[in-house]
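Chemist: Go by the hints and put chain B onto chain A.
2 protein chains.
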Amino acid sequence: MRHFAAFLLREQPRIAEAIDALTAKLPGYVRPAAVYALSTGGKRLRPALTVLCARSLGYSENDVYRLGATVELFHVATLLHDDILDNANTRRAHPATHCKFGVPRTLLSADAMVAHAFRTLSETNDPRFMRCLTSAVIGTADGEIMEIEAQGSTSGGLAAYTTIIEGKTACLLRAACELGALCAGAAASDLTAISDYGRNLGMAFQIADDALDFSLENTTGKPEGGDLRESKFTPPIAYYVESLSPEKRRSFLARFASRSFSDTEIRTLVKEIRDGGFQERTLRLADAYLDAASLSLRSLTAPPDKHAEKAREALAEAVAFVRDRTA
Amino acid sequence: MRHFAAFLLREQPRIAEAIDALTAKLPGYVRPAAVYALSTGGKRLRPALTVLCARSLGYSENDVYRLGATVELFHVATLLHDDILDNANTRRAHPATHCKFGVPRTLLSADAMVAHAFRTLSETNDPRFMRCLTSAVIGTADGEIMEIEAQGSTSGGLAAYTTIIEGKTACLLRAACELGALCAGAAASDLTAISDYGRNLGMAFQIADDALDFSLENTTGKPEGGDLRESKFTPPIAYYVESLSPEKRRSFLARFASRSFSDTEIRTLVKEIRDGGFQERTLRLADAYLDAASLSLRSLTAPPDKHAEKAREALAEAVAFVRDRTA
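So the protein lines, in turn, are chains A and B.
Numbering-wise (our numbering), the first sequence opens with residue 1 and increments by one.
Numbering-wise (our numbering), the second sequence opens with residue 1 and increments by one.
Just chain A, same shape as in the assembly (with noise of 0.2 Å):
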């Protein structure tokens, strides 16, 4: 991991500085939600894998970091959203921003955000990049959308879950993934190995993260047991129905269905969902993308130079990034 850890730590400074440019444009009311908004929050992982897909494709000049901040500025909204929607209280162990600001300034704050990611990709003057965007902001919506839609229940299966993160999450990392390869002007074929890495990289970051609801090493501030509690069905949850005896099935799917697991119940079946191997069979899961991601990058035809090299190692070593996160 070296390559990958090294990458992010250098670049955090000027995606940075690109994500101040663009929240400098935000009015003076909601500016100060925004920063905290993206204070608060993580690695930069997105704008991150748009820089390293162009530098991958041999582009050197910086206005892509202009690019990965409008995908950074995109996600923060969500989450904005996602927390007014869920009534959280907290994002990373930090009071939820809506808390701290008010659900109206929250919810206009989002709204500037998303609409000056959407100026700053139609002043490229090239609609693919506008295209990518808006795709992943109807992906990520749908994907949404049909998680709360799906709440409680478990008949469409794994199926079913594999549509929803596809949308809420592998979307927007592949829209990331893409602007990047289009900033380098990338021919058809590498387009869609890009492509294809950013959403089977997506599907696992989502997947892993499923497993980590039930960690003891879960250290992103969420309590253990969200999706448990939510009734979201994610793989470690299926594979623990799939466990159960028909009898204790039925009494489980009815609780998970209304929604009524107790806080003694909740850290019984996640203490049994982490005893059962349940997380180690997600994480395989979560391999299986994680391989293809690796596959798709593999397939790339444009000859790298040092410094494409480079990238495509760090690129490489996102997947196992993505494998060992804990947070």
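Misleading hints may appear alongside valid ones.
[As the list claims (entries may be wrong)] Distance condition first, Cα-Cα at most 25 Å in a straight line; then the derived SDA-like pairs of lysine to any residue: (1) A/K232 x A/A93; (2) B/K25 x A/T163; (3) B/K43 x B/S294; (4) B/K100 x A/D86; (5) B/K100 x A/E149; (6) B/K232 x B/I266; (7) B/K100 x A/E230; (8) A/K232 x A/K271; (9) B/K25 x A/K271.
It should be emphasised that the hints constitute simulated quantities derived from the structure, not laboratory data.
Modeler: Quick look at chain B alone, frame taken from chain A:
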């Protein structure tokens, strides 16, 4: 008003068809909320302007309806946000969408409407369409944000009011007109003329709306004096304040700033503003913008054929339509 009223009437089915085609693409979970929100609202002024502006420059194809529909979807999405932010229970005498479908579904519905509007424009492959709507989206968000920020304040006077309504209302009417002109392949000077027409029409539209807020003939379904209740500083209120003695003015401004008028006081104030002729003075302000709109229209340089001539007459009559509306 023969031409404009006839045009609005004649075009309703084709505009409705284009809106339905766009709405059909929304995910099933949020579609009913979108259909409901779209069904309770209005005369489709914005898409009608898009079509009419294209026709006024000799464009005869029907793909312009799709462009108009994107503006309407965005417009209705902003109304959904407004009603959530304002905690409104009704919209045009019907229950507000979030009261019928809940806040989460309504928010997701608005997100999906905006995303699909953007996608439709991005499919044109001409970045100018996207830039046009994204500018309007940013302008609208900025205007709404400034309006909330300014509530209770009178320090910016009518200059602040002008900036606010240019964002929250005129921006999107201008974009509706511009999309039509872009679709018709307008020359630069005609594009500017159409853009100015839309902006001025939009300014007048909002100013007339703010006069209507004190009207006995107010048939919008909104209670009279809403702007006093919400401490929004509009022209009728500004003119009323000007007319007061220093003593009375101080007392009014203190109550306005603290949003503490009782229902009885509101009723008295509405009557005083109505009887004081401040609505008429407000409509004269609207007239100044309507004159500018008419002037812009006359500066079009593309020689019109018979159909374009009729469309220009209808646009000229839209000015009177805005002036005389009561709902």
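Chemist: Does each hint fit the structure? Answer for all of them.
Modeler: Results for each hint:
1. A/K232 x A/A93: Given pair A/K232, A/A93 holds - Cα atoms ~22 Å apart, limit 25 Å.
2. B/K25 x A/T163: At roughly 17 Å apart (the allowed maximum being 25 Å), A/T163 and B/K25 satisfy the hint.
3. B/K43 x B/S294: 21 Å, holds
4. B/K100 x A/D86: Distance ~19 Å between B/K100 and A/D86 Cα, so the pair holds.
5. B/K100 x A/E149: 17 Å, holds
6. B/K232 x B/I266: Between B/K232 and B/I266 the Cα gap is close to 13 Å, so the pair holds against 25 Å.
7. B/K100 x A/E230: 23 Å, holds
8. A/K232 x A/K271: 17 Å, holds
9. B/K25 x A/K271: 43 Å, violated
The earlier numbered hint that this structure contradicts is number 9, and it is the only one.
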